[in-house]
Amino acid sequence: MSTAFIECEHAAKWYGQIIAVNDVTLSVPGGVTGLLGPNGAGKSTLLKMMVGQLRPSKGVVKVLGSPIWGNPQTLRRIGYCPEHEGTYEDLTGLEMVTALTELHGFGHDDARARAEKMFGVVDLKDGMHRRLGEYSKGMRQRAKLAQAMAHDPEVVFLDEPLTGCDPLARVRILEVIADLAREGRCIVVSSHVLHEIETMTSQILLIHKGQLRAEGDVHQIRALIDAHPHKVRVECDKPRALAEKLVTQEHVVAVTVDGEAIVVDTRTPDRLYPVIPEAAKSAGVYIRALTSPDDNMAAVFKYLTETSS
Amino acid sequence: MSAAKANAAKQAKVMPAKEGTILDRGYAPYQGLYTPEASRWKVIAGRMLRMSARQWWAILLMIATVIPLLVCAVQMWIMSKLFAMAPPGVQVTSPDTYVMLPWGTMTLAFLLALFAGAGQVSDDTRAGAFQFYFARPVTRDQYLVGKVVPVLVLTMFIALVPAFLLSLLRLALLPSGAEVLKKLPLVGATLVTGTVEALVLAVPAVAISSLSRKRSYVQGGYAILYLLPWIMGSIFSKVTRSPWPTLFSVPAHVENLARFVYRMPLPEGERALPVWISAAFVALLVAGSFALLRKRLSAVEVVAS
Chain A
17 MSTAFIECEH
27 AAKWYGQIIA
37 VNDVTLSVPG
47 GVTGLLGPNG
57 AGKSTLLKMM
67 VGQLRPSKGV
77 VKVLGSPIWG
87 NPQTLRRIGY
97 CPEHEGTYED
107 LTGLEMVTAL
117 TELHGFGHDD
127 ARARAEKMFG
137 VVDLKDGMHR
147 RLGEYSKGMR
157 QRAKLAQAMA
167 HDPEVVFLDE
177 PLTGCDPLAR
187 VRILEVIADL
197 AREGRCIVVS
207 SHVLHEIETM
217 TSQILLIHKG
227 QLRAEGDVHQ
237 IRALIDAHPH
247 KVRVECDKPR
257 ALAEKLVTQE
267 HVVAVTVDGE
277 AIVVDTRTPD
287 RLYPVIPEAA
297 KSAGVYIRAL
307 TSPDDNMAAV
317 FKYLTETSS
Chain B
2 MSAAKANAAK
12 QAKVMPAKEG
22 TILDRGYAPY
32 QGLYTPEASR
42 WKVIAGRMLR
52 MSARQWWAIL
62 LMIATVIPLL
72 VCAVQMWIMS
82 KLFAMAPPGV
92 QVTSPDTYVM
102 LPWGTMTLAF
112 LLALFAGAGQ
122 VSDDTRAGAF
132 QFYFARPVTR
142 DQYLVGKVVP
152 VLVLTMFIAL
162 VPAFLLSLLR
172 LALLPSGAEV
182 LKKLPLVGAT
192 LVTGTVEALV
202 LAVPAVAISS
212 LSRKRSYVQG
222 GYAILYLLPW
232 IMGSIFSKVT
242 RSPWPTLFSV
252 PAHVENLARF
262 VYRMPLPEGE
272 RALPVWISAA
282 FVALLVAGSF
292 ALLRKRLSAV
302 EVVAS
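Chains A and B, in that order, are what the protein sequence lines are.
Numbered by the numbering used here, the letters in the first sequence go through residues 17 to 325 in order.
Numbered by the numbering used here, the letters in the second sequence go through residues 2 to 306 in order.
Simulated from the structure, these hints should not be mistaken for laboratory data.
Quantities reported herein were computed from a predicted structural model and do not represent experimental measurements.
For glycine and all other residues, C-beta sits at the position ideal for the given N, C-alpha and C.
Mixed in with the good hints, there may be bad ones.
[Said to hold, decoys possible] Not the full set, but computed from the structure, chain A residues with beta-carbon under 7 Å of chain B:
| id | residue |
| --- | --- |
| 1 | Tyr96 |
| 2 | Thr108 |
| 3 | Ala115 |
| 4 | Leu119 |
| 5 | Glu260 |
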C-alpha cells in the first residue's frame with residue numbers, strides 16, 4: 017500500500033492552448049512539503065487540482081488514495097487555506113470559521129467549539145468576535161488558517177500562508193505548521209518566498225513552467241545537480257595560502273579569493289571536505305568557518321529554474 | 002534540460018522522504034458522526050439569511066411593508082362595513098380585493114429581491130469565496146439551493162406575509178362562522194399567490210447574479226429585465242387595447258394568476274392574457290433561472306481570483 021498522502025499521475029491542466037500544468041507525476045509523503053516555483057509557474061493550479069477545485073484536463077490527482085475531484089468523502093478530510101481572501105466582511109471571524117466548519121459536517125455547537133479552539137491555536141482569541149472587515153492582513157491569514165484546521169484534517173494545503181503577516185504572526189503560524197507535521201499529518205505549503213519554506217522543511221516540489229522540475233529533499237537534489245559546481249566557502253586567516261594548496265586538487269574546479277575567505281568550486285564536495293583540514297594544516301592556516309553557500313533552497317531553485325529558461 | 006539534469010531530477014524523485022521529521026504522530030482522524038450531507042444547504046442559507054436580514058435595505062423594506070399592510074387593512078375594514086350595509090343591487094368593492102396583492106408590496110418585494118439576490122453569487126465570484134465552499138464536501142447543487150432559499154424567504158416575507166395577515170383579518174371581519182368557512186380558501190390563495198410571486202422575483206435575481214462579478218451590473222440587468230417589459234407592456238397594452246404587449250411583464254402575469262386563484266373578475270373593459278400563458282411564463286421563468294444557475298455552477302472550477 018502506498019504511504020503517499022497525495023499522488024498525481026500524469027496530471028495536466030490546460031486552458032485553451034495555454035498549458036498551466038504539464039504531465040506532472042509526483043507523490044507527497046507525510047510532514048511538511050514545500051511547493052515552490054516562480055510566479056506563474058503553475059503551483060497555484062497544481063494546488064487547486066490537489067484540493068479538488070480544478071478538474072485535471074488529463075491524468076488524475078489522488079488525495080488519501082482517492083481522486084479528489086468531486087469527491088466529498090475526501091474533501092471532508094482535507095483543509096485548505098487559500099491565498100486570496102474571499103471572506104464575508106460583515107461576519108465576525110468566529111462566525112465565518114464556525115459556518116465553514118459546519119459545512120464539513122459538524123453540528124453548530126461542535127463547529128463553534130472547534131472554531132473557538134482554533135482561534136486560540138492561532139493566537140487570535142481576542143479578535144474572534146470582531147468583523148472580518150476590521151481584520152489586519154495578518155489576522156485574516158490566521159483566521160484562514162483556523163478555518164483550514166478547525167475540522168481536524170489529515171491533509172492541509174496552505175497557499176502563501178505567511179503573506180502580509182507581522183513577525184509575531186509568522187512565528188505563530190510556523191509553530192502551528194510544525195505542530196501539524198509533528199502529529200503525522202501531511203502539509204503542503206505553496207510559496208515563492210524560499211526562505212519561508214526553508215524555515216519549515218527541506219522537502220520540496222519544484223514547479224517551473226508547468227512542469228515538475230524536482231521532488232525530494234533539497235540537499236539531495238542539490239547533490240544531483242552536477243552542471244553547477246558546489247561552492248564551499250572557507251573563512252581563514254591566510255586565504256591565498258590555502259587557495260594555493262587547494263587549487264592543485266584535481267576535483268577542484270576553481271578557487272576565488274574573497275576578502276578573508278576563499279570560495280572553492282568543486283564537483284565532488286564529499287572529496288573536498290576531508291582535504292581542506294589537511295591543506296590548512298600543511299599551509300599553517302587557521303580556519304574560522306566553513307560553509308556551503310549554494311547548498312540551499314535558493315541555489316537549487318535558481319539552478320533548476322534558470323537552466324530551463 | 003541536459004541529460005544529466007534530467008537524470009538528476011529523476012533520481013531526486015524516487016528519493017525517500019527525509020527520515021525523522023515526524024516525531025510523535027499524535028494525530029488521529031475524526032471518527033465521530035457527521036451531519037447529513039443533504040443538509041449543507043441549510044448552513045449556507047442560514048448564514049446568508051442572517052447576513053441579509055441585518056442589512057439596512059432589508060430592515061427598511063420590511064418596515065416599509067407595514068404601510069401597505071395598514072392601508073389595506075383600514076380599506077378592508079371600511080369596505081367590509083359598507084359591503085355589509087349596502088342594499089342589494091348597489092355595487093361596492095369586495096373587501097376580498099385587498100387581500101390579493103396588497104398595494105405596493107410587489108414593488109417592495111421586487112426591491113428586496115433586487116438587493117438580496119444580486120449579491121448572492123456575484124459577491125462570491127468577485128471575492129473568490131468558491132475556494133472556501135468547494136474545498137469542502139459541498140456540492141454545486143447544495144450551494145445553489147443555499148443561495149436561492151434566503152432570497153426566497155426574504156421576498157416571501159413581503160410577498161406573502163401581508164396578504165396572509167390580511168386574509169386572516171378578512172376572516173375576522175366576517176359576521177358568522179358559516180361565512181368564515183366559505184371564505185377560508187382565501188388563506189390558501191394568499192399562500193399560493195405569495196409563493197408564486199416570491200419565486201418569480203427571487204430565483205431570476207439569483208440566476209442573474211451568477212452572470213457577473215459586479216453587483217451593480219446584476220442589479221441593473223435585473224431591474225431592466227423586470228421594469229422594461231412591465232412599463233412598455235402597460236403602455237402598449239393601453240394603446241392597443243390588447244393584453245399581448247404584456248407577454249413579458251412579470252407583474253402582469255403574477256396579477257393574472259392571482260386573479261385566477263382568488264377568482265376575481267377583471268375590471269370592466271380590461272383584458273388579460275389566458276391564464277395558461279401566465280402559468281407557462283412563470284414556470285418557464287423559474288425553471289429557466291434554475292437551469293441557468295445550475296449550468297453556471299455545475300462546471301465551476303475555482304481558478305485564481
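Do the hints match the structure? See the list:
For Tyr96(A), the interface hint holds, since its Cβ comes within 7 Å of a Cβ in chain B; the closest pair sits about 4 Å apart. The interface hint given for Thr108(A) is violated, since its Cβ lies 11 Å from the closest Cβ of chain B, which is over the 7 Å cut-off. Against a cut-off of 7 Å between C-beta atoms, the interface hint on Ala115(A) holds, since the closest Cβ of chain B lies about 5 Å away. The beta carbon of Leu119(A) is positioned within 7 Å of a beta carbon in chain B (closest approach about 5 Å), and the interface hint is therefore held.
Taking 7 Å as the C-beta cut-off, the interface hint given for Glu260(A) is violated, the closest approach to chain B being about 31 Å.
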